[in-house]
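Put chain B on the given structure of chain A with help from the hints.
Letter by letter, the chains look like this.
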Amino acid sequence: MTKEKYMNTLRDRLNQLNIEGREDILNDFEAHFTLGKQNGHSDEELMESLGSIEEILESYENLQSPNDEKILIDGHDQKKEFTNKITTIDISARHADTKITTSKDNGFHVDLYKEGRFLERMSHALIAYQEEDVFYVKVLPLFPHKSSGQYDLSIQVPHDLPNLILNTSSGDGILKNITVQEIRINSASGDFRLLDINSERVDIEVASSDFQLIDVRGDMYIRSASGDFQIEQSNGENFNYQSASGDLKLNGDYETIHLNNVSGDINAQLKTIKQMHISNVSADIHVKIENNNDLLISSSTLNGTCEAYQFGKDLMLKQLGQVQMGEPKTQIKLKTISGDIRLDLE
Amino acid sequence: MNPQFKKGVLELCVLSLLKQGDKYGYELTEAISKQMSIAAGTLYLVLKRLNDEGYFTSYLVESESGPARKYYRLTDKGSKHHTSLKNDWYTFIEQVDQLIKENPND
Numbered sequence: 001m002t003k004e005k006y007m008n009t010l011r012d013r014l015n016q017l018n019i020e021g022r023e024d025i026l027n028d029f030e031a032h033f034t035l036g037k038q039n040g041h042s043d044e045e046l047m048e049s050l051g052s053i054e055e056i057l058e059s060y061e062n063l064q065s066p067n068d069e070k071i072l073i074d075g076h077d078q079k080k081e082f083t084n085k086i087t088t089i090d091i092s093a094r095h096a097d098t099k100i101t102t103s104k105d106n107g108f109h110v111d112l113y114k115e116g117r118f119l120e121r122m123s124h125a126l127i128a129y130q131e132e133d134v135f136y137v138k139v140l141p142l143f144p145h146k147s148s149g150q151y152d153l154s155i156q157v158p159h160d161l162p163n164l165i166l167n168t169s170s171g172d173g174i175l176k177n178i179t180v181q182e183i184r185i186n187s188a189s190g191d192f193r194l195l196d197i198n199s200e201r202v203d204i205e206v207a208s209s210d211f212q213l214i215d216v217r218g219d220m221y222i223r224s225a226s227g228d229f230q231i232e233q234s235n236g237e238n239f240n241y242q243s244a245s246g247d248l249k250l251n252g253d254y255e256t257i258h259l260n261n262v263s264g265d266i267n268a269q270l271k272t273i274k275q276m277h278i279s280n281v282s283a284d285i286h287v288k289i290e291n292n293n294d295l296l297i298s299s300s301t302l303n304g305t306c307e308a309y310q311f312g313k314d315l316m317l318k319q320l321g322q323v324q325m326g327e328p329k330t331q332i333k334l335k336t337i338s339g340d341i342r343l344d345l346e
Numbered sequence: 001m002n003p004q005f006k007k008g009v010l011e012l013c014v015l016s017l018l019k020q021g022d023k024y025g026y027e028l029t030e031a032i033s034k035q036m037s038i039a040a041g042t043l044y045l046v047l048k049r050l051n052d053e054g055y056f057t058s059y060l061v062e063s064e065s066g067p068a069r070k071y072y073r074l075t076d077k078g079s080k081h082h083t084s085l086k087n088d089w090y091t092f093i094e095q096v097d098q099l100i101k102e103n104p105n106d
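Residue numbers (the numbering used here), protein chains in the order written: chain A, 1 to 346; chain B, 1 to 106.
Just so you know, the hints here were simulated from the structure itself, not pulled from any lab data.
Check before you lean on any hint, since a few could be wrong.
[As the list claims (entries may be wrong)] DSS-like mimics (lysine-lysine), calculated; alpha carbons at most 25 Å apart, straight line:
id, chain 1, residue 1, chain 2, residue 2
1, A, Lys176, A, Lys138
2, B, Lys77, A, Lys37
3, B, Lys19, B, Lys86
4, A, Lys114, B, Lys34
5, A, Lys138, B, Lys70
6, A, Lys138, B, Lys34
7, A, Lys114, B, Lys86
8, A, Lys114, B, Lys70
9, A, Lys335, A, Lys271
10, A, Lys333, A, Lys274
11, A, Lys138, A, Lys104
12, B, Lys101, A, Lys37
13, A, Lys99, A, Lys37
14, A, Lys138, B, Lys80
15, A, Lys3, B, Lys70
16, A, Lys3, B, Lys77
17, A, Lys99, A, Lys114
18, A, Lys37, B, Lys80
19, A, Lys3, A, Lys37
Extracted from the complex, chain A is given alone in its bound form (with noise of 0.2 Å):
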């Protein structure tokens, strides 16, 4: 590649992006390469130490610099309105334990604690600022790590939030009494709980962090690998949940119930549902349905077993067996490698 061409790329990217001061960050590398030159450097030897174009814009998140005007948050004392144009909240917490609750002056405020001291808001351990019509807040990656002290994050939150997303390593997370359009949460081994949510949609994909949700409306999508969950008290349309080890315990009232597992174990008490696929391999599953009399229940398994109980009388699911059990306005379909599901009908 030639000098021109790496400046003419690394313009269209900048201009791509819509970098603010691209002006002075073009300037700065025409000045590298001329002084690189006087320096004896060739055009080869100063584009390979300056490093590819995509290297350098990939490291421009993680370097950005909060413009002031943009900042809609300030401190912990002030309030501001939040825009319509915002659309979403990315927390990024990392090792950081995140608190988000509804503000009681339906402001907006992000606080940053460490061992309890309160850290400014413009810190090197935090940054927050508007891009487009997502509102970040990051915690930054160098200094805040466990072995360099508890941090805590604090984010109040107006009645109304729209789109949430969570993203922490080890950092837990509790969210408590807030509605908000839909929440999203990555985690690798941080625990969450979630208490009093209204929401339309709750993604949560996980490794090992265990969650405890309690009063949570809105369809749930869970992925784990090997974390836990306990849910109580929620409701939605659709239920959908994929894990590998962790274990279920379910508690609520979804009209379509989706489980794929392992050999994690799951035991579910639900209300009245439309359609239930439980896929299995090893794992076992015990299901307790309330207010349901018309069902389809279809079977299939290799090793393992699968039972249906109701009003105290046993029906007995075969390999491959059905049954049917007045008008078939509800579907149930079981599959199982070596586990054992078990129905029990109210």
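The following block gives chain B in isolation, referenced to the frame of chain A:
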């Protein structure tokens, strides 16, 4: 070295070099890339960010050969930020140091 980690450290390196006296961009990238392998392009973004945050001011100096050089000077705010980053850094390495030393297998 973990790239994320290195970027955070870069900020501290840049501020430390400027603490010793005003420098221009190329000089800073030379000084840092002599010590660690780093894409110099990234450094210009670090400089821009720190400049935007008011940690330094910049001024142009005409040069006999070639274009004017943009020098950076640390502000009081930058100086304070440097102290705070430096303290955090020492706390951090001390803690890591402790962990390494306590490893009985070494």
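List of violated hint numbers, smallest to largest:
2, 4, 5, 6, 8, 12, 13, 16, 18
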